[in-house]
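Residues per chain, in single letters:
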Amino acid sequence: MPSLIDRILEGREILQRRPWPRTVVGAHLWKFVANELAQGRLRLLGLWGEPAMVHMAIMDEDAAEIAVVSLDCADRIYPSVGLRHPPALRLERAAYDLFGLTAEAAPDARPWLDHNCWGARFPLGSRIDALPKATPYRFLPAEGDGLHQIAVGPVHAGIIEPGHFRFTASGETVVRLEQRLGYVHKGIEGLMAGANLERAAQLAGRVSGDSTVAYAYAFSRAAEAALEFVVPDRAIWLRALLAELERLANHLGDIGAICNDASFTLMHAHCSVLRESVLRASNSAFGHRLMRDIIVPGGVIRDLNDEGEKIIQAALDNIRLRFPALVELYDNTASLQDRTVGTGVLKPALARQYAAGGYIGRASGRAFDARRALAYPPYDDLRFEVPVLNEGDVNARVWIRVREVEQSLSLIDQIFERLPEGSLRADAEQFRGAREGMAIVEGFRGDVLVWLRLRDGQIERCHLRDPSWFQWPLLEAVIEDNIVADFPLCNKSFNCSYSGHDL
Amino acid sequence: MRKLLFESLFRRPFTEQAPSSDDTAVAELATAVGRAARRRLGRSLSIREVDAGSCNGCELEIHALNNAYYDVERFGLRFVASPRHADVLMVTGPVTKNMRDALERTYHAVPNPKWVVAIGDCARDGGCFAGSYAVVGGVSEVLPVDLHIPGCPPTPTVMLKGLLALLERADTGAVTP
Chain C
1 MPSLIDRILE
11 GREILQRRPW
21 PRTVVGAHLW
31 KFVANELAQG
41 RLRLLGLWGE
51 PAMVHMAIMD
61 EDAAEIAVVS
71 LDCADRIYPS
81 VGLRHPPALR
91 LERAAYDLFG
101 LTAEAAPDAR
111 PWLDHNCWGA
121 RFPLGSRIDA
131 LPKATPYRFL
141 PAEGDGLHQI
151 AVGPVHAGII
161 EPGHFRFTAS
171 GETVVRLEQR
181 LGYVHKGIEG
191 LMAGANLERA
201 AQLAGRVSGD
211 STVAYAYAFS
221 RAAEAALEFV
231 VPDRAIWLRA
241 LLAELERLAN
251 HLGDIGAICN
261 DASFTLMHAH
271 CSVLRESVLR
281 ASNSAFGHRL
291 MRDIIVPGGV
301 IRDLNDEGEK
311 IIQAALDNIR
321 LRFPALVELY
331 DNTASLQDRT
341 VGTGVLKPAL
351 ARQYAAGGYI
361 GRASGRAFDA
371 RRALAYPPYD
381 DLRFEVPVLN
391 EGDVNARVWI
401 RVREVEQSLS
411 LIDQIFERLP
421 EGSLRADAEQ
431 FRGAREGMAI
441 VEGFRGDVLV
451 WLRLRDGQIE
461 RCHLRDPSWF
471 QWPLLEAVIE
481 DNIVADFPLC
491 NKSFNCSYSG
501 HDL
Chain H
1 MRKLLFESLF
11 RRPFTEQAPS
21 SDDTAVAELA
31 TAVGRAARRR
41 LGRSLSIREV
51 DAGSCNGCEL
61 EIHALNNAYY
71 DVERFGLRFV
81 ASPRHADVLM
91 VTGPVTKNMR
101 DALERTYHAV
111 PNPKWVVAIG
121 DCARDGGCFA
131 GSYAVVGGVS
141 EVLPVDLHIP
151 GCPPTPTVML
161 KGLLALLERA
171 DTGAVTP
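Heads up: the protein sequence lines correspond to chains C and H, in order.
All residue numbers for the first sequence refer to the numbering used here, where the first residue is 1 and numbers rise by one.
All residue numbers for the second sequence refer to the numbering used here, where the first residue is 1 and numbers rise by one.
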């Protein structure tokens, strides 16, 4: 039986095949896809604009098939997907702010990234002057006796990124949380347009600092798909090493930080030491603690020598020695378990609806991991498990990360055993005309999607979709009926990216 | 937990005496910063960090200043939750237009005398985000910057060096708060 995506694409001109098909559809089929998303037969991977076109990336999860459908909208109006499928809402609001594309009949038409500070509207579409006076942002109402509001941010108490949270509480219990993001919008997609590959890769690596490897990896793979680059084997394996080191460092740091938000600082202190050991080893082996700007289109720019391998190996041995005691400590401390078990429950149905990636999805029964589902090299050739739990609470998210630390340790071992010799980077070929490419890479937080079109060696349009787009809205859902004091715990167990989302 | 705590009584601390020249340098540096802070302010130095549009890379490294290897708090360098408790405003990012207002308001909430330290390459002039419709382009466009610490992101060691330089300059009166 042909898959749903095959049926959607049937008889249509395929504009791009690298590595997944893209086709232009009419409004009728666009609405059909929106309906299939709402019915749960397809998953939404992204929705983004161009000056007179809107694109939607979709996935048939059972068949692991992906496609992009595009709708011409010269009049800058298209049928809203968010009307039927709420996960698209914020993406549509962003497409309006950046391109002036209106989602017809969308239930939420408030601005999202545009805070009326840019001095212009629709900066990536047909620019017009800013509104003379900013209209106040209308938060959703919460009505009832004795409710009070708590406004937090954009400047938070800790050393974290800026964003605004509006809580409505009844006594200690949160009745509604509404997020207001966009504070760190830097206009990266605007800067991408017209950039050459080198600069664009640099920008991609600065979308979200904790995922700098994942972004450079995803961007490079998209560019390579467009240009049909053949990446040398050694580079393919080194990339996976970098990606696993990044995952390891972030998971170790966050497991401690989650416990810290339950005021259990001992875990935080020990986990920070392990995280630091990974960063120091990365610095010794690759010359940068966060391994920034090492993955580039065509390969990698730094090789790993024997000494670097030894240093990383020593750091991993140390983690293997010390981490189990910390896991035991987490598991056996009743006061800590009291805070994490049953707190901030994300229901599996919501995780599925939003196609939530990373540990958030996997702690709520969604087994998607791009390394397994899409099996991009070298992961098609590596042995690893994708841990899944169904509880969906803070505790489950911690355990998924614990298991993923173990998996990353094993993956790095396998990479060291089988790291092939050879060159590091393929040379770029000159080309004329337009080429498109797309890639999805599993970062520590979830699947990072990059779609781009190159023209004559330059980026014409590049869209980078952080996994947080589908995770932030779920945080609003999980905090409901929890106490205000548990918000930091829930928030840290999600650890969504502000910068990756605001872009 | 008891076992872990017990072990830590006997295990050498992570901030070892002389494990490598690198770590010794860090300890010396941090002591020097603490001493300079006390000389200048008569007490320890409180820092309030504001992310004005960074990619979060700088924040990760600022966090590292608090881990057991650097442990800057032992020298009296403290990150505080409110700008009203701060002596130093540590700002990262190219300053997005959406954050400009919040940054200014945070600055005005810091009591005098105060210093502004801009952290990272994009905090100097916007870095690779310069020229975007959405960024102001550097902290000094918005606030009087006393010190800029370069790097993408600067390592914890580089940040410690920078804080020391700030205090020494403040000591000689080059900075008028």
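Since the hints were derived computationally from the structure, they do not count as laboratory data.
Think of the CB as a built atom: it goes at the ideal place given N, C-alpha and C, for glycine as much as any other residue.
Be careful, since some hints might not be right.
Stated by the list, open to error - Which bits of chain H does chain C cover? Going by a derived footprint, with three or more residues having C-beta under 8 Å, they are: (1) 64–71; (2) 86–99; (3) 111–118; (4) 138–151; (5) 157–168.
Here is how each hint holds up against the structure:
{"no.": "1", "hint": "64–71", "verdict": "holds (count 5)"}
{"no.": "2", "hint": "86–99", "verdict": "holds (count 6)"}
{"no.": "3", "hint": "111–118", "verdict": "violated (count 0)"}
{"no.": "4", "hint": "138–151", "verdict": "violated (count 0)"}
{"no.": "5", "hint": "157–168", "verdict": "violated (count 0)"}
Against the hints set out earlier in the document, violations occur for numbers 3, 4, 5.
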